[in-house]
Amino acid sequence: MSWVVLVLVVLPFASAGLTLLVGHGGGEAVGKGISVGVSALGLAIALAVALPQLGDAEALAHVFASSATVGPAIELSLYVDQLSAVLLLLAHSVAFLVQLYSLGYLSHDPRYPSYAALVSIFTGAMTLVVTADDLWVLLIGWELMGACSYFLISHHWELPEARAGAVKAFLMTRTADLGLLFAIIVLGIRFDSYRISTIMSAISEGGLARDELLLPALLLTAAVIGKSAQFPLHTWLPDAMPGPTPISALIHAATMVAAGVFLVARTYPLFLSAPSALNVLAAVAAVTMLIAAVYALFTHDLKRVLAWSTVSQLAYMFGALAVGAYSAGVLHLLAHGAFKALLFLAAGSVVHAAGSTSMTAMGGLRDKLPDTFITMTLGFGALAGVVPLVGFFTKDAAISAVLDAAGNGRLVWPWLAWVLLASMIVTALLTVAYSLRAWLMVFFGPSAVESGEPHESPWSMRIPLYLLAIPTVLGGLAVASPQVIFGSSEEEHLFHPWMSVVMSVLVVLTTALVLVMWRRNEGRDPWHPYNLPHPPVDQVYELGLVRPIGWMAQVVRAGDRDVIDAYANAAGASTRGVGWVLRRAQNGNVQSYLMVVVVGAAALAVAAGVMSS
Amino acid sequence: MTTSALALNGLVAVPVGFVLLAGLFARRTSDNLALGIAVLGSVVTFGWSIWLTLLAGSSLGDTDFDEAWIASMDVRWHLGVDGISIPLILMTTLIAACCLLSLIKHAPQCGGRVSLAMLLLVIEAGVLGSFLALDMVLFFVFFEVALIPMWFVINSWGDEHDPVGRRRAATRFLIFTVLGSALMLVGFMLVRSLTGTFDIAEIAASYTPSGSTAVAASLLIGLGLAVKTPLWPLHIWLPDAHAKAPTVGSVLLAAVLLKLGAYGFVRFWMPVTSVDWDGAPVVAALAVIGIIYAALACLAQTDLKRLIAYSSVGHMGFVILAVATFTVGGVQAAVYASVAHGLITGLLFFVAGAIKDRYGTTDLARIRELYGRVPRLGGVFAFAAIASLGLPGLAGFWGEMLAIRAAVDQSAALPGGTFAVLAVIAAFGVILTSAYFLAVMRGMLQGAPALGVPVQGAPVQSPSAQATTDVHAMEWVAWSPLIALTVVFGVAPGLLLAPVSDAARAFFGGF
Amino acid sequence: MPLWWPLLLASLLFAIGVYGVLVRRNAVLVLMGVELMLNAVNINLVAFDAHFRDVLHGGQTFALFIIVIAAAEVGLALAIVLMVFRTNGHIEVDQLRSLADRDEADRDDVEVAR
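Chains as they are written, first to last, in my numbering: chain X, 1 to 613; chain R, 1001 to 1511; chain C, 2001 to 2114.
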């Protein structure tokens, strides 16, 4: 069975190569067929691999190759447990749906083969990350995803925002990835192995002092903060929106940014043994979710709303994981993957119809885009946490877990847990507000669409929407019985019913408030004309990092030219100078030459006489 | 004559033989035939090196050729290979073959294609001899043989718009490296006076350096090799030389000649330097300064070839950092990073040369939107740039990562804290490397105005002009081995790591 | 006669010859100085030959060689002096500096004007 997992890893890369060769070689349609077909095949294999691994199954582990280095060996080893299984399913299904969706969305794009190939490579990299048992293999997949993200965001490289966004995303995540690199090195030195399963079981066995492994835990925290766009590295995700919408769905909603949450979940024993890192994570999550929700509330661009919303929801997952609620965190990850992908793809459909991503250029699209309307409503409902969609269950599970942690203070400091709880509740309400606002502005009110008559998207774009609506609606069942996924060791009760009731009441009140404000503004933006400035963190980076480095680069260049080069030139010049001085003696006057000869001979004779006596 | 003697001596003799043959034919018959012979020579040499690889074992004694040469000075013709030199030899012959293949379609504008090919073969013979030599004076001789023809290559076939500049670059390169190797020779003499032999295999196995003469010898040898590698601040010859050289000259210079310095550090400097020497952290610090300095310099460059040249300085910084850790892991990292850098930077210079052919300039301010005009060329450049910035999964990553790991985890005799700090700084150098490559890609491939560079001069060819030819078949032939090996070594590092660690343990003995 | 008489004479003549070569500006006078030096050496050789009663008369033989060479050399030298006079219009030795090792820029000390 383990070789099937290897096939699953290699298949997307092979598909990418084939797509590139065939697609750019002239067979456009064949290339598209290959990419979608192999993606479907990958999904089928993923189902075959993952479904048996759910529940109480034994984890699947195999070492394929090992390279002898000095120190612990670097191995190609794969490991599929429940966590890997669910993420495999998420990644491959969203990838397949995105490939299908792109057929319609980018149908006339001349660069389609490269695009499809990059999506395949990305899928392969994500598979590598979730099934890797060797930390270096995980790092390879991790950074490969970042590279694919860079290339895909700058797919429309004619747009300056796309170019800028791609560079920003890549640089920010790559800087944070240094944390992962050093964490791997430190863990390798400490445990003499790079195998995740070995290290985690060594930690779980006990015998470690509290916070003894704080350094690797903090380094990993830094890495996930970058990859999952948490404060203070949260600004790259909204700026990545100039990329094609299916990419935003795949990379920046469902998979790559979720990889940070996955990494924390995968190395959970490490974090549990160093709770101070969990405190940091909780604090970061608390701050991020609020900031992101506020930005989502005031932005006019539909995709940016969804991007900030992603940042905020990721913070929810980190919050849940920080207090020890493993299942709540992972289930919210899966749920969010489904409904956020749905929202992005539906947003693509809306953008396709309206010709712009700005919500002020939309409105009243309810009748023109019926399928999109239904599915996007379900998506927004799940995001806002409306009963009985999946978002309600996972969000309340997270909030309940934090409430428990505030009570017993086992991992996170109690006051921090209370802060996190308050943040989560306020964010939930803000989420309702911005989801409702977006929904109203897009589908209701007077139409402000400028370009022609908006029409519904082709079937290749609508089918994925409906397919994603299924887990959005039915996912609550999984949350109600998590042992189906995680096995019987997980706790049964995930949430407090009275908490859910309180939250529902608050949600209803917020909805009413927003509707009132919307009505008052004649069906346009409920809180026009407030505008938020760009995140100040960016200015800090610009002034503190980008400008000084640019200045230092100029100094170095001048230094090479004027200082170091000057030494080399001076060496040459001084040699010529000494030569010039010595050449003064060759003045052409024969008598002075002869004078030298005579005096020299006399001196030699005297010296010889003196020395021989 | 034993097989190993034939293989070892043949590896140096075959390129020289083909040079003579090509020279003979150049007089009598057509240019193309002579060039074909030269290309055939490089391919035969590549095949010969593969044969040598199959014969080689992990220790030097397995394939060995040791005869008296200059008996009065006790200099011997001692050739041998092990796991440290074999990867470098294979890379050298491959790169040389790619260079000569690329000359078939790409004739230099000033003519004399056959002479250029012959000079390249001579340089290759010199480099291969250096990698094979186990006698210090023999190493020095081959070192010089490899370097003097390069003056002619840069001076006569270099940048055709700037005759003064290319002479200056060539002369500066020559003077710097010859001065360095003269110092190195003095160092070799000092070592001889301390150990009584010129044979490095014996020295590595039995000699423990101590005392001020040993320190002086190690300093001199290190200085000579530091000019070649190069180590900051002796790097100043490199940007000019790489930028003014012709494409094949740049490729050979960056991919092969720089490795002579790195190999010299591993093979000739490490055995004569004491681990307890206070200067080892200084060498590592200089290497790390080089990494950061080169990355910053790249951010301010306006010429593509100069930028790639500075990136070479940065990459070699990682190699020296690994060497300065005095561990087997460090040697592994150094050899790996050398091979990876050779493949990737060779590819980068080939692409830069292709751009120069099509647009007549390598000025970054003027070349725009290559993704739109020559998408495959742009794609290859993007691949090479991503590989050079050390993306995991491609060859460049393992070299840098292993160097950082060796620095964090180094020999017990060295100050641990210093090396750990240096490793962290080197890691930030990786980020700066990413930044400048991304900036280049953004400007040159995608079309944004370059970072902080005023846009001077008209962009070459308005976008509506007819597209220049994209990558043609001969270029694919020359480049695909490099692309393929970059991916192969990225996913299968064990191919290189295992032979190097065996060889390092056998050679140094004391690890 | 005591040996030192001819030796003293020879030294004096040699010194006068050196003075003539190094100090006098006129080329003919320099040549005269050269002749004086050569003949001083002749006197020296003959004096030693006589003093040591050399059977082979090496000193005197060598003196004959010197006379011949001096004659040849002065013929050649006077021819050169004549050519120099025709080219430059004077034979002041200290003004004939065209063989100085100078870059084009600082050829100011050649052909010094008096």
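Calculated from the structure, these hints are not laboratory results. One thing to keep in mind: the hints can contain errors.
[Said to hold, decoys possible] Okay, derived cross-link-like pairs now, DMTMM-like style, lysine to aspartate or glutamate, Cα gap no bigger than 25 Å in a straight line: (1) K1105/R / D1159/R; (2) K168/X / D1303/R; (3) K1356/R / D1502/R; (4) K168/X / E1369/R; (5) K1105/R / D1278/R; (6) K168/X / D538/X; (7) K1356/R / E158/X.
These are the hints, each one checked on the structure:
At roughly 18 Å between alpha-carbon atoms, K1105/R and D1159/R fall within 25 Å of each other, so this suggested pair holds. Using a Cα cut-off of 25 Å, the hinted pair K168/X and D1303/R holds, with the two alpha carbons roughly 24 Å apart. Annotation: proposed proximity of K1356/R to D1502/R is violated, straight-line Cα distance about 43 Å (limit 25 Å). Annotation: proposed proximity of K168/X to E1369/R holds, straight-line Cα distance about 20 Å (limit 25 Å).
At roughly 52 Å between alpha-carbon atoms, K1105/R and D1278/R are farther apart than 25 Å, so this suggested pair is violated. Straight-line distance between C-alpha atoms of K168/X and D538/X comes to about 10 Å, which keeps the hinted pair within the 25 Å bound. The suggested pairing of K1356/R with E158/X holds, with an alpha-carbon distance near 23 Å, which does not exceed 25 Å.
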